[in-house]
Structure formats: structure tokens, C-alpha cells
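Trainee: Single-letter residue listing:
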Amino acid sequence: MISNNRLTELEYQANFADIHPPFETRDAAAVEANRCLFCYDAPCIKSCPTSINIPKFIKQITTDNIKGSAHTIFVSNIMGAGCSKVCPVEKLCEGSCVYNLMHEEPINIAKLQRYSTEAAMANNWQLFSRKESNGKKVAIIGAGPAGLSCAHVLSREGTDVTIYEKEALGGGLMTYGIAAYKVTPEFCKAEVDYITSIGGIDIKYNQALGKDVSLKQLTEQYDAVYIAIGVGEARQLDIPGEDLAGVEDAISYIYHLRTSDYKEMPVGDRVAVIGLGMTAIDAATQAKRLGAKDVTIVYRRTYDEKPCTDVELDIAKLDGCQVEWLAAPKEIIGENGKVKQLVCSRMKLGEPDASGRKSPVDTGETFTLDVDMVIKAAGQMPFSELVNTEGLKNNYGKISVENKTVTNINKVFAGGDCVNGGKEVVDAVQAGKDGAAEILKFLGV
Amino acid sequence: MADLFTDFLGIKSPNPFWLASAPPTDKKINVLRAFEAGWGGVVWKTLGSQVKNVSSRYSAVDYHGSRVMGFNNIELISDRPLDINLKEIEECVKLFPDRAMVVSLMADNNRKAWHELIKKVEDRGAHGFELNFGCPHGMTERGLGAAVGQDPEITGMIVEWVMEAATIPVITKLTPNVHSVVPAGRAAVKAGTNALSLINTIQSVTGIDLDTLVPNPYVDGKSVFGGYCGPAVKPIALKMLTTIAQDPVTSRVPISGIGGVTTWKDAAEFMLLGSTSVQVCTAAMKHGFRIIEDLCEGLSNWMDEKGYRKTTDFIGKSVEKITHWEDLDINYHHVANINQDKCIHCGLCYIACEDTSHQSINLQYGKPYNTYTIKEEECVGCNLCKLICPVDNCITMVEQRVAPEYINWKEWQKQGLPLNDH
Ligand SMILES: Cc1cc2nc3c(=O)[nH]c(=O)nc-3n(C[C@H](O)[C@H](O)[C@H](O)COP(=O)(O)OP(=O)(O)OC[C@H]3O[C@@H](n4cnc5c(N)ncnc54)[C@H](O)[C@@H]3O)c2cc1C
Ligand SMILES: Cc1cc2nc3c(=O)[nH]c(=O)nc-3n(C[C@H](O)[C@H](O)[C@H](O)COP(=O)(O)O)c2cc1C
Numbered sequence: 001m002i003s004n005n006r007l008t009e010l011e012y013q014a015n016f017a018d019i020h021p022p023f024e025t026r027d028a029a030a031v032e033a034n035r036c037l038f039c040y041d042a043p044c045i046k047s048c049p050t051s052i053n054i055p056k057f058i059k060q061i062t063t064d065n066i067k068g069s070a071h072t073i074f075v076s077n078i079m080g081a082g083c084s085k086v087c088p089v090e091k092l093c094e095g096s097c098v099y100n101l102m103h104e105e106p107i108n109i110a111k112l113q114r115y116s117t118e119a120a121m122a123n124n125w126q127l128f129s130r131k132e133s134n135g136k137k138v139a140i141i142g143a144g145p146a147g148l149s150c151a152h153v154l155s156r157e158g159t160d161v162t163i164y165e166k167e168a169l170g171g172g173l174m175t176y177g178i179a180a181y182k183v184t185p186e187f188c189k190a191e192v193d194y195i196t197s198i199g200g201i202d203i204k205y206n207q208a209l210g211k212d213v214s215l216k217q218l219t220e221q222y223d224a225v226y227i228a229i230g231v232g233e234a235r236q237l238d239i240p241g242e243d244l245a246g247v248e249d250a251i252s253y254i255y256h257l258r259t260s261d262y263k264e265m266p267v268g269d270r271v272a273v274i275g276l277g278m279t280a281i282d283a284a285t286q287a288k289r290l291g292a293k294d295v296t297i298v299y300r301r302t303y304d305e306k307p308c309t310d311v312e313l314d315i316a317k318l319d320g321c322q323v324e325w326l327a328a329p330k331e332i333i334g335e336n337g338k339v340k341q342l343v344c345s346r347m348k349l350g351e352p353d354a355s356g357r358k359s360p361v362d363t364g365e366t367f368t369l370d371v372d373m374v375i376k377a378a379g380q381m382p383f384s385e386l387v388n389t390e391g392l393k394n395n396y397g398k399i400s401v402e403n404k405t406v407t408n409i410n411k412v413f414a415g416g417d418c419v420n421g422g423k424e425v426v427d428a429v430q431a432g433k434d435g436a437a438e439i440l441k442f443l444g445v
Numbered sequence: 001m002a003d004l005f006t007d008f009l010g011i012k013s014p015n016p017f018w019l020a021s022a023p024p025t026d027k028k029i030n031v032l033r034a035f036e037a038g039w040g041g042v043v044w045k046t047l048g049s050q051v052k053n054v055s056s057r058y059s060a061v062d063y064h065g066s067r068v069m070g071f072n073n074i075e076l077i078s079d080r081p082l083d084i085n086l087k088e089i090e091e092c093v094k095l096f097p098d099r100a101m102v103v104s105l106m107a108d109n110n111r112k113a114w115h116e117l118i119k120k121v122e123d124r125g126a127h128g129f130e131l132n133f134g135c136p137h138g139m140t141e142r143g144l145g146a147a148v149g150q151d152p153e154i155t156g157m158i159v160e161w162v163m164e165a166a167t168i169p170v171i172t173k174l175t176p177n178v179h180s181v182v183p184a185g186r187a188a189v190k191a192g193t194n195a196l197s198l199i200n201t202i203q204s205v206t207g208i209d210l211d212t213l214v215p216n217p218y219v220d221g222k223s224v225f226g227g228y229c230g231p232a233v234k235p236i237a238l239k240m241l242t243t244i245a246q247d248p249v250t251s252r253v254p255i256s257g258i259g260g261v262t263t264w265k266d267a268a269e270f271m272l273l274g275s276t277s278v279q280v281c282t283a284a285m286k287h288g289f290r291i292i293e294d295l296c297e298g299l300s301n302w303m304d305e306k307g308y309r310k311t312t313d314f315i316g317k318s319v320e321k322i323t324h325w326e327d328l329d330i331n332y333h334h335v336a337n338i339n340q341d342k343c344i345h346c347g348l349c350y351i352a353c354e355d356t357s358h359q360s361i362n363l364q365y366g367k368p369y370n371t372y373t374i375k376e377e378e379c380v381g382c383n384l385c386k387l388i389c390p391v392d393n394c395i396t397m398v399e400q401r402v403a404p405e406y407i408n409w410k411e412w413q414k415q416g417l418p419l420n421d422h
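Protein chains in written order, with UniProt numbering: chain A, 1 to 445; chain B, 1 to 422.
Among the chain A residues that face chain B by a calculated CB cut under 10 Å, a handful are: (1) Asn34; (2) Cys44; (3) Ile45; (4) Thr62; (5) Gly95.
Don't read these hints as lab results, they were simulated from the structure.
For every residue, glycine included, the Cβ atom is placed at its ideal position computed from N, Cα and C.
Construct the complete structure from the given sequences, taking the supplied hints into account.
Mentor: Below you can see the structure in the form of C-alpha cells.
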């Protein structure tokens, strides 16, 4: 049965509390910061898509120069606060910390980054000032990580920025997609406010490209346009029964979760989640935390090929989610229009596919899971129709660019998930920086 | 099992570890706790004329998250009435007759005062005296402490007065607030002191509060120079100790080594450079008396491994190994070697060598891990990389003599050999 209001208010609070709590005291942060070896040409920097000077910002914590520490972070990554909460650090900075090679716990870089950036936000330290106006105006479409990052660099350089955002709030998937136990709506809003507090960034909400504005209009009104619309649409499974009540796509499901009260979120008793990416983990974990009795993640391949990290998988497992390996959804069976069962094909591993991972091959055997809800997290699709209508050259909807960010249309640049097809926040932030650099070059300022 | 028993001029203690004259030894309650914990002896907090202390009194230097690398105080000699001290000393000696009880003294600057003080203390069962000529603050302004110890003539004069009256062994404690401790040490030996101890604290300013701009320790908006001790001063103490152990006059008497002793290894080093007993203050003030357990166990285990049965088997063994620069062998050469299996690619060796030494480390770019190798032909064998490397035994120095024979600087010059290596 699918129902809401399964838990008490306290249970909801506990289930959606911050999964990585911050350092409680200056001493606690200092102990960890002092462990840092202050590597030269540090592997952690090279493993951060935005190349934050990590040893430097950590050293600055040890010298009580927290303002300097926050500046070191933000100068490379204006979403450094959010990234400290959402980055899959185990495969980025922390994953390459030299302590791993000593078989020691890596430095808790994310937590230290959170320490400095949180202080900066709490005290509203203004760490950047705008250069004198250069008279140029740039439009950005999408107030997600890529758009905000691009906007901040442009504003710092004296360019006026207007962001067109289709939602009522900024932050992009940070606000609408990422798991609720990583970031709260309040934090996301505060982060957007902190970023825009530099001035010169005007966000026009509820303005969608393709609906309220067109690329043609924008290129006429502005000196340049940066597209950062992300990827939006959930990939369909294309199996019978996908239209039954109780079949949800993870992106919209999480969107609802992030925009409603937990107690209003309906969830099934027995939930199947399709896929094993970050989104699948988030969907499974959050379904469990909303009060689902059983959650089973259905994945086509094995542990070795899984796209999520070990850390992510552990979160789901510790929450009690099961994983059905080598299983692909074949059909959803309903009763009175509602989900009743999920029929899966049993797979085996075959030859490596384009991604280099062994591909799943149908064995012909099937098995059935009794479920009342199916959440699809089999990947996201770019906004193909929109980019085609606007005349943007693309590859199955992913906007094609040169020099990381230059599109086929004069004055128009793009970056983030809408170009890379969906990576992490930190990649989108770097894309925004690259976009801004190229735009500034184009504007000749 | 090694025997830690120590006989210092007939002052016997079950181990060479004494608590230095300071707050840990300033009253019966502390001293009994120390003896119960296992300390070999104490040097009772300095007695003299009645003084008054201020508040606050201590400050410290922290380093890289470690508290109290260096410790600083502006306390005076004992501020408790002499009678109470004497009564308690007597009680402690009775309760623990097998432990060393040395009493530190600092009388006013005249023969009568010294004679009177010695008389009063001698009856109480103490085994020896230590003359405090070292306190760098508070007492110097009264012409006492370091003011005495800095002037060899006055040092000698007072030691003479003391030796006239004392019937138990006398140790003269030297101040490090001098260019060399040897002149005062010689004066004390010539005047008849039975032993020397060193070092007392080093004058210092440990830091400034960057909000109030007042240095610490803080006393109502002001501060004064204090006396610095603890781990930070150990290398200075060892150097001064060596000069005393090598000097033909001062080396005639036993030495009690002091200054930054924190672990059994520190103690072994002081003893290798000539200390018969070692004294500890800061380490006890930081951790309490329980550290005596590892001091004894560690030293004893090391002695067993080295085959030393008693402490006199190794006391002073390193003294002759410190020589003059011009006697070092110029043909000795070693170069660094990085064990690639142990290397964690932190790059610390590289940047230190590249920016500040001899550009002898090669960086081969990798993402995320660079590979670092030694350019042997550039390496002068300075040790910097090895000192900085965070992994034990990852960087080692490999001997590569320039030539088999010994040649020192004097010979080198005499033979007119080339000077420029570069
Ligand atoms: C469920 C889920 C969980 C994730 N978890 C993590 C995580 O834990 N850690 C992590 O680092 N990354 C995570 N990601 C990925 C991350 O959120 C994205 O990579 C990142 O947000 C991309 O930033 P962006 O600015 O390119 O796009 P988005 O964040 O998608 O922002 C695009 C913005 O453009 C707006 N927009 C879209 N279309 C239009 C239009 N037509 N007109 C105007 N505005 C428009 C959108 O409303 C949005 O505000 C997750 C993604 C998902 C889906
Ligand atoms: C708080 C304090 C008070 C001290 N008082 C005396 C003293 O009264 N007489 C004395 O000879 N030395 C005194 N000292 C110096 C110690 O005896 C010792 O020489 C010095 O601290 C170095 O040893 P350490 O590094 O183990 O602390 C004092 C040291 C401290 C820290």
C-alpha cells in the first residue's frame, strides 16, 4: 500500500538529519587539520574538478585564519559550502589523499571545508569585491551550480549578469534533486543568497527558456548568453506497465520530497528502485527513510560495475535497502491500475561495452518481486527537444561545444550537466568557471 | 634486567629520575605522590627568604596542534614559610628513606645568610643541596638567581661560603642565560662544588595575545620575561651539557642533566652526554607523575637491548663523539635514496629541496600522484628531505664516500685541494 504520514515528526527529523555532521568545535577541526601533511602539488588538488588549493585552506584552519581559508575555497569553487556536503569525496579529493597509501584514514577534507565555508556564510563574510563595471551584460539560463558559478566569476570581473531560472528557487538540483539528508532547503537558499550577495547578479525566477524567453531574444538583448539548464528528463524503461499508479521517476519523486513536508510524501510498503547510480541510491535511501518497509535496488550488473561509490552503497545498505544484482526490469504487473509486481530478467555478465564495463546479457530466466511502488532511476536525459528548437547543435540532446563551452551559435556558451550529460555539482561549478573565462575572452574584457 | 640504581655522590636513588626543583616538589603532598608513583628522587623547590608570587604565572608555546612544546613561568622560589617546608622535608625523608632528597637553596647574598640557611636545612635528613644560581626572573632583580650564576666570580664566592658550612654534597645549578656555561661551571668547581646540574630556565617571551597586544603570561595588562623550559629547550640543554662534560675542569664532577626531558629516550641522551641523574619538571607538570613508569621501563628495556647492566655502563659514552667542525672527515659523503614502495607521493621532499636546498629531486608528473627520485649527482647529503619525509625509513641516506681516506678541513687547506664543488 502506498501511503504518507508513516512516521512521527521526530522520526522524520532523525531520518533526514545531516548525514555528515560538522565539527562541533574549533579544537576538533584543528586536530583533523593538523593531520594534513600539506603535500606539494597535492593529489587532492588534482582530484578536485575545481582544483581547490586544499592543503592551503586546511593549513589556514590551523593558523586560525578561517577567513583566508574560506577565501581559498571559494576562489576556486563558489559552491564550496554545498560541495562540502554533497561531493562524492571518496572518489575525488579524499580518495586520493596520500594517507590512503599509508593505509590510514584520509584527511576529512569535506568536513574541514564545511568548517570554513559555514563560518563564512554564518558571518556573511564578503570575501570578494566586484571590479569596476565593464559595461557588458550577460544572460545565464539556469540558476544551478554551473549558472551560479559562471555568474559569480562574471560579476567579479565587472560584468552585469541576469539569470533566467524556470523554478521559483535557485540552486538547481542542489535544491531540487540532491538527497534531503545532505542539504536542507534553508541551506540551499542561504548558499544562493551568499553567492549573489556580491551584487551584479539578478535572478529572474519562473522564467523558462523556450517558454518565457527565447535564445534569439536573449542574444539580441545581451552581449553573451550562457546556457546551464542541466539535464532534466528521466530515462524511460520502455517496459509494459510503466504507466501504472505507483511507478515514479526518481527525479520527480525527489523533487517532490525536496519541495514538500516529509509527512506528505507517499511511499509504498515494498519499493523497487531501478538502477544503481547516485540517484538510485538517493531514491532508495530516502524511500526507506520515509518509512517504506522493504526497499530493493534492482541492478543489471554486479558490484564491480556499479556506478555509485562504495560509500554511497553503504549508506543504502546501512539503511536496510537490499540489492538484487544481475537483474533487469522486464515488466510491471498491476492490479486495478496499481503496481503489484515487478518481473525481472536474470542477467549474466558478457563482453565489455562502450563504457568498458562488462555488459549485462539476458539469461532468459525471470523472477518476480512483490512490490507496490517502483522508482525508476535509470539515468537522466538531456532536454533534447528544447535544444533542437533553439537551434543548438547537440549530441542526443547534450549540447555540443568547442573549447569546453562554445556552442554553434554566436554569443552562446553552455556548460554543466546540459553539456556533460550529468556529472556532479563540482563539475558543473568548474564548467561555469570555464564558461565565464571564455565569455570574458569573447567580450574582450 | 638492567639495574637503574643511581649513586650520585653517595646520594642514592632507585632510578636516575629526579623531579627538578619546581612546583612538583614544593610540598609534602606532591612529593609523597611522586615517590609513590616511583620517582627516584626530588630536588625540593628552592628555599630562601620569604617571597610573594603574582597571578598568572605560566604560559606556553604550542606547535602544530601539540600543546606545551615549550613552557614558561614567572614564579619565584618557594613562597611557603621555611618552617613548614623543613618539617615536610623531614617527613618525606622518613616515609621514603630510599629516595634521593636534595634541597634547592637560594639565600641572600651574604655569607651569614647562606650559613644560616644551610644549618637549618641540614638537620632535616636531606641528602644534598642544590644551589639555585639559575632562576632568570624575579630573583635576579634582587641580585639572586641568574644574576649570581651569570657572574663566575660571584658564583665562586658563594660556592665557597656554602662549602664552608655544608656537610652533605653540594650541586651547583647553572643558568643557561649566558654565552657559555663553562666559566661559571669552572668557578663553581674550583670553589669546591661537589657536582653541577644544568640547565635552569631560559629567558623568554612566549607570545602575545593578538587581541589585547599583551604578551603572556598576563598580569593585569603587563608581562615580564619568564623562564623557558620543556621539550623546546632540550637541544640547547644537551649542547650546554656537552660543553660541561668535555671541559677538563667541569668534567671532574658528576652532572645532573635537566631541560626538556620528557621520555626515556631524552633521558638516555642526557646520560650519554654525561649526566648521572636527570631531572624532570615540565613533562611531569604536563602529564603528572605517572610518566615515571615508562621513563623507567623504556630506559631499562633499551639498556637490556644494548647489553648495559647498570647506568654507569653508558653514561658519557657520546661525549667524545661531538668533535670540532674542522676535524670532520670531508671525504665522507652520503646521498638520499627514496624507497618508491614506501613513498606516498606527498612531494614534501621535492619542494623543500627545490625551493631551499640543492634542486636534487626530480619530479615526474602524474595524476594524481607524481613520482619523485633523487638526482644523486646533485645531492649534497644534507638530510633535509629525510627529515621532512612523513614516512619512516622511506628516505634513507646511502654512504658514497668521495675517497677512502680520512681528510679534515685543516689538511684539505694545507694540501691546497679545490674548494668549489659546484
Ligand atoms: C537525484 C540526484 C542526486 C544527485 N546527487 C548528487 C550529489 O550527491 N552530489 C553531487 O555532486 N551531485 C549530485 N547530483 C548531480 C548534480 O546535482 C548535478 O551534476 C548538478 O546540479 C549540475 O548542475 P547544473 O547547473 O549543470 O544543472 P542543474 O543543477 O540541473 O541546474 C539547472 C538549472 O537550470 C534550470 N532550468 C532547466 N531548464 C530551464 C529552462 N528551460 N529555462 C530556465 N531554466 C531552466 C533548472 O531549474 C535548474 O535550476 C545529483 C543529481 C541527481 C539528479
Ligand atoms: C613553574 C616552574 C618553577 C620553577 N622553579 C624553580 C625553582 O624554584 N628553582 C629552580 O632551581 N628551578 C626552578 N625551575 C626550573 C626547573 O627546575 C628546571 O630547571 C627547568 O624547568 C627545566 O626542566 P624541564 O624542561 O624538565 O622543565 C622552575 C621551573 C618551572 C616550570
